[in-house]
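S.K.: Here is what each chain is made of, one letter per residue.
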Amino acid sequence: MGGTASNLPKELLSEYQELTFLTKQEINEAHKKFCQLQARENGPNERVSMQNILTLPELKSNPFRERVCHVFSTSDRKDGSLSFEDFLDLLSAFSDSATLEIKSHYAFRIFDFDDDGTLDSEDLKKLVNCLTGETDDARLTLEEMRQLIGNVSPSHRGQTAIRSASLTQTRFLLQILEESDIDKDGTVNLSEFQHVISRSPDFVSSFKIVL
Amino acid sequence: MSDMTEPATITRPLISSKRHKSIRKNSRRIYSPYQDENGPSDDEDKDGERVDSNDPEELFQNIQLQKEIIANIRTKPWPIRRKLKVLKQAREIVLKFEGRLTRTRGYQAAGADLLKKISRVLYNVVVLFIPWEMRIKKIESHFGSGVASYFIFLRWLFGINIVLTILTGAFIVLPELLAGAPFGTIRSKTIPKEHLSSAQDLDTIWSLGGYLQYSVLFYGYYGNVRKIGSAGYRLPLAYFLVGMAVFAYSFITLLRKMAKNSRMSLAGASDENFTFCWRVFCAWDYLIGNPEAAESKGAAIINSIREAIVEEQEKKKDTSLAVLISLRILANILVLLSLAGSIYIIYFVVDRSQKLEQEKPELTLWEKNEVSVVVSLITMIAPSAFELVSQLEMYHPRTSLRFQLARVLVLYLGNLYSLIIALLDKVNIMSSAIPVAPGNVSSTSYLATISQPTEDNLSTIVPDITERQNSTLTMTLLDLNNSVTTIKSTASYGQPMRMQSLLNQTVIYEYNTRSQQDPCWETYVGQEMLKLSIIDMIFTVASILLIDFIRGLVVRYLSDCCCWDLESKFPEYGEFKIAENVLHLIYNQGMIWMGAFFSPCLPAFNVLKLIGLMYLRSWAVLTCNVPHQQVFRASRSNNFYLAMLLFMLFLCMLPTIFAIVRYRPSQYCGPFSGQEKIYDIISETFANDFPLWFSKVMSYVTSPVVVLPALLLLFMLIYYLQSIARSLKVTNSQLRLQLQSERTDDKKKVFKLAAGRLQAPEGADKKPEQESDITSMESSARSTSPTRPNGSVVNFESPVRHGNSIRTITQSASRADVSRAAGAARSPGAPVRQKHKAEHVPNRSVLPDGIKVYVSVHCCWLLHTSAVHEASLPFIFACVVLTECTAAPQFHKDKCGGWSTYPSGTLDTWVAAAVPVAQNPTTTWPTTLVQGMPRASTQIRCFGRPSDPCTRSPA
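So the protein lines, in turn, are chains A and B.
Just so it is clear: in the first sequence, position 205 is 217 by our numbering, and no numbers are missing.
Just so it is clear: in the second sequence, position 611 is 670 by our numbering, and no numbers are missing.
Mixed in with the good hints there might be a few duds.
Covered, in the sense of this in silico footprint (three residues per stretch, anywhere, with C-beta under 8 Å from a C-beta of chain B), are these stretches of chain A [stated by the list, open to error]:
id: 1; stretch: 41–51
id: 2; stretch: 67–73
id: 3; stretch: 97–104
id: 4; stretch: 111–124
id: 5; stretch: 131–144
As a list, the in silico DSBU-like pairs of lysine-lysine whose alpha-carbon atoms are at most 30 Å apart [stated by the list, open to error]:
id: 6; chain 1: B; residue 1: Lys-175; chain 2: A; residue 2: Lys-44
id: 7; chain 1: B; residue 1: Lys-144; chain 2: A; residue 2: Lys-45
id: 8; chain 1: A; residue 1: Lys-36; chain 2: B; residue 2: Lys-316
id: 9; chain 1: B; residue 1: Lys-485; chain 2: B; residue 2: Lys-414
id: 10; chain 1: B; residue 1: Lys-427; chain 2: A; residue 2: Lys-44
id: 11; chain 1: A; residue 1: Lys-72; chain 2: B; residue 2: Lys-196
id: 12; chain 1: B; residue 1: Lys-147; chain 2: A; residue 2: Lys-90
id: 13; chain 1: A; residue 1: Lys-36; chain 2: B; residue 2: Lys-414
id: 14; chain 1: B; residue 1: Lys-196; chain 2: A; residue 2: Lys-45
No lab work stands behind these hints: they were computed from the structure.
Glycine included, every Cβ here is placed at the ideal spot set by N, Cα and C.
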């Protein structure tokens, strides 16, 4: 499976169709894309490094792009590099016809920043930070969050921005845990996560990536 | 796989924790070696063992199992290489052993394989033919699913219109073209002489007059001959039925789509539950690939999070209420005024055009198109005006969007309705203006043509008359006069009574002299509708080009030489307003539905229009639009769109139905000419073309004797369904309450247990517990013996059973410890495991009678992560769960109350899986089951007795 050939062998193609949710055209398209990326690698390499994968426009603006690579990578070195099969895995999980189960499973793994099998408050914090952006926008957000807090309880008004912002965040995280943590162990595990996700009307339609 | 196993130890908790869902999904699968993490060698060994037994039933079951694996492999969240391996193995086994079974099974398998391949090829082909798939995907990946939902909606409408076009085309237009009387042969198909000279003028064509007016485009062209062609195609009947079928089909597809959507988002009904989680977990639209779109999406997420926080806290209004309320009242008054104004303007314009038509022989281009231009202008301008007004109101953006949509919808409806009412008004005037003709000679001269509907009647009585009559069709008017008089004479000679009644009947019909313009009001309505549709299209194109494209160009290239920032301040780039655009589509479709009866080619025109719109819009979106600031959720709004469409369909159907029922069809044009009412065609067909008994039956069916009870029955049915729905709702809320109370119960239990542990005399302190290595825990758990010093085993006396000791094995080591320990335990490898097995197996047989073991599930989980899945503990589980469940059916309720708090009722799965394990101790415990058990706080009670099968040695 070198991936340098422009066309995939027929048997492999049908195997891939069997194993993923992709159609033949999609697999071929993916292969083309992957070969382009591979060409950018320095040496002859079966895997494509994370930096190169992230040049794909579909992933470029995704706040979780690095997590996505890490989750789908089967590399020994944990560098988030993807082989073609990993790439297909990624596309399959994000395809139209993938089931909610698969999608929510991978979503859980993407959100599980420390790979420990649960979403604890650290994970959630990182998640929110990822969503809101950690760069210059974040400051604005913190400021506004402070205002929010100020509106609610005037006693907090005098406090420093960072403190109250983190307070808001914790409040927020607590809210999340309150909602989703069924067994009350302070973390969200996969089944709880899937329970929450399965009730969401938007998840399946938005958890998609198309090449 | 070899390169896989090493990292697997580190990511183990993850991989293993995900597995339990497969068990939930197909609880039928009792065991599957492929869910083991044990490595390939183990799997193969086990397969070999199991398959080699020559029991055909077992063999068959195994093969079935493997097949199931093959079928479901896609739904496993594994890396592809692992899937490939598993697939190959499963296939091999199937291939190898299938031959041992009967030959027919082999053929069946081959057939199924072939079928699968064919279906896959078909699927590939079908995907290829879905129109605009790539285009939509491209837009989707730029702007996210919200914008794409507009295009998907457009494509769906396109599909509907295709079907409508096929309906009208195949059943009305084609037969008329092929078998109907050709152009120029009869009066309704010829252009009047005085119009012939101007029939080819661009001006006439533009206003759909001249040749277009006398073509299959409009109602008036269709002949009223009952049967046409050699096959005797009943065109008028077909016309009526197709007209109704258009509505019926639209209704059915719409409702089905809506039902499907609501089934999919049924869970969304309880949306208050997880607002926060959704806002975080489901916030990102992974489709977004455009940095600008990503930016705006990020901003929207921040907004929504903030919003959620604010909504959760109590809101204090700081703006003065009085000002706000007065502003809102003002805004609403403005909106109402503009609505009323637009309706008045439309009515006025229609009225004016009518007067102009009567007064002036020649109309200018503007005067002809005034109505549609004005309507289109209003539909274009008013929404923007509403948006301006809504800024005044200072609503929450979501609320203001809803208001905006409602207002625009009312506006569109108002427009359509005022237009159609004005048109019908005109129709009224038209038909009342025609004087009732006196029964003179020339009136009887029309008898032949008019009496065509009763031709069938006549033909049975006087066949030669029909021949003559048919021939009259091609004769000129003068000839007609002669022949008809002869017919009349012969007819009255033969059947005086019959002819007399016929005469009476026909004389009542209005008569119109040749010099007068045919008052074919159906054609007129159809013309207006088509004109409106065309002008609407032109305006849409113009607005896309002007408002979006030119504006985009200006902003893009003039921003450097301007004193303010064009891109972010005043003109900006055009936003793609999903909601307004969808509404416009709905409005457009409403026009089609309204006019389809009077202009059978309208759906075909709409198909073209939608195709054009698709390309133009997608081009415009990709080149010169930015996504809407207000993030519009695709899935939630889908049914909203459809509901509006349904509303529109209903309201557009009303005027058509009204016209059909209320007005008399035009006398000299169209398939229903000569009838009193359009729907008479049905009763006529029943009376003439069906056997007598059938019409009798029909008359019974349509009599109040049947209709009233049927109506009553319908009402009762509706009431019944409604009450069922209500009771389901109640049950739903009760279940939710129950869930909550169970949850609190659960909490209490955990506290109680913790308290018990503290009080226990030999309670293990937490320190050693945390540090205890995994093997000791395993063994303590496995042996369930209380003597291990560092296992966290707590005994306390049960008051109920004498001599029973209750053992609680809890493990509260943190996750991190677990994975570390797991890694540690993994490295020694298989020999260690073997040793443990050998050591502890005998212990199991000495379980005291009636022992009650509380085992924390967390503990089992730990056991599994250390890869001793054959450990006896789960095994004990299986037996005890099984025995208790078979002994006491109320196990569920009494003893496992805590379990039902778990979302999908995994208990059943476990019990089901425990059965084979208990019956056949040599099989492996399905490790995934242990994975699926909720952790920590949920306690499983296990009851073991020495007589249980679990005490047998598993080796």
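S.K.: Against each hint, give a clear statement of whether it holds in the structure.
M.R.: Quick rundown of the hints versus the structure:
no., hint, in the structure
1, 41–51, "violated (count 0)"
2, 67–73, "holds (count 5)"
3, 97–104, "holds (count 5)"
4, 111–124, "holds (count 10)"
5, 131–144, "holds (count 5)"
6, B:Lys-175 with A:Lys-44, "holds (26 Å)"
7, B:Lys-144 with A:Lys-45, "holds (25 Å)"
8, A:Lys-36 with B:Lys-316, "holds (28 Å)"
9, B:Lys-485 with B:Lys-414, "holds (10 Å)"
10, B:Lys-427 with A:Lys-44, "violated (57 Å)"
11, A:Lys-72 with B:Lys-196, "holds (17 Å)"
12, B:Lys-147 with A:Lys-90, "holds (27 Å)"
13, A:Lys-36 with B:Lys-414, "violated (64 Å)"
14, B:Lys-196 with A:Lys-45, "holds (16 Å)"
In the structure shown, a violation is registered for the earlier hints numbered 1, 10 and 13, in ascending order.
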